[in-house]
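K.L.:
Using the hints provided, position chain B relative to the given structure of chain A.
Listed here are the chains, written in short residue letters.
Number of protein chains: 2
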Amino acid sequence: MSFSPDLLVFNDAGLIPAIAQEAESGEVLMMAWMNADSIRKTLDTGRVTYWSRSRQEFWVKGDTSGHVQELVDFRFDCDADCLLVLVRQTGPACHTGRRSCFYRAVRDGETIELSTPL
Amino acid sequence: MSFSPDLLVFNDAGLIPAIAQEAESGEVLMMAWMNADSIRKTLDTGRVTYWSRSRQEFWVKGDTSGHVQELVDFRFDCDADCLLVLVRQTGPACHTGRRSCFYRAVRDGETIELSTPL
Chain A
4 MSFSPDLLVF NDAGLIPAIA QEAESGEVLM MAWMNADSIR KTLDTGRVTY WSRSRQEFWV
64 KGDTSGHVQE LVDFRFDCDA DCLLVLVRQT GPACHTGRRS CFYRAVRDGE TIELSTPL
Chain B
4 MSFSPDLLVF NDAGLIPAIA QEAESGEVLM MAWMNADSIR KTLDTGRVTY WSRSRQEFWV
64 KGDTSGHVQE LVDFRFDCDA DCLLVLVRQT GPACHTGRRS CFYRAVRDGE TIELSTPL
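Residue numbers (the working numbering), protein chains in the order written: chain A, 4 to 121; chain B, 4 to 121.
Just chain A, same shape as in the assembly (with noise of 0.2 Å):
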């Protein structure tokens, strides 16, 4: 079946949450969010490109740090309403400089990190 983004469900805010996971390791690098447009340039382009709300334009990843995210594959989940991106990542894909943004993690109550800076 021919793939459209009016198949997906959005937000009221034409949002959908976008997972983005390495695809040669399996790890969960981040998660931001995508609207119909920026799926659309995600799919023709190969580049992962998100909607930044709080700039409120489109944020093609890495476009400033050169921290690309190039797409290997496009999945969406049964209800249609969350999108998963395996993605081959160049750098860290966090602000922090942490290879993924899910650093922290609680144990015995405590929040410990699990990753230091790149």
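Hints were generated in silico from the structure; no laboratory data involved. Be aware that a few hints might be false.
In this list, chains with the same sequence are indistinguishable; a pair is considered to hold if it fits within one copy or across any two.
Claimed, not checked - Here are the simulated SDA-like pairs of lysine to any residue, each with C-alpha atoms no more than 20 Å apart in a straight line: (1) K44 with S118; (2) K44 with L121; (3) K44 with G29; (4) K44 with E27; (5) K44 with D111; (6) K44 with E30; (7) K44 with E113; (8) K44 with G112; (9) K44 with Q59; (10) K44 with L117; (11) K44 with R110; (12) K44 with L10; (13) K44 with G100; (14) K44 with H98; (15) K44 with P120; (16) K44 with E116; (17) K44 with T114; (18) K44 with T119.
No experiment lies behind these values; they were computed from the predicted model shown.
P.N.:
Just chain B, lined up with the frame of chain A:
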């Protein structure tokens, strides 16, 4: 530092997205939502507990289906507005009977199915 859900950033509905990843294989299984109390229950019981937006009640994953998620690690991201729970999943995570909810991919403009119900 001692952890509290107060450290997290919830949306206007008091919810935060939670990505469930199979601890062993790294497979991303699903995304659902938690509120502060479901986070406490998840950490206290070791059974992943979401907040059902449709039913407006706790959703102890697997309580009805038997397809429980045992918590292996509880993580959160740099902006503290997204959770990643590493789990041991019993049976399928998806209500369609598939292992993962992300069973559809877009390739060459077409939607394809990557897996069938277990």
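K.L.:
Provide an ascending list of the numbers of those earlier hints which the structure does not satisfy.
P.N.:
1, 2, 3, 4, 6, 10, 13, 14, 15, 16, 18
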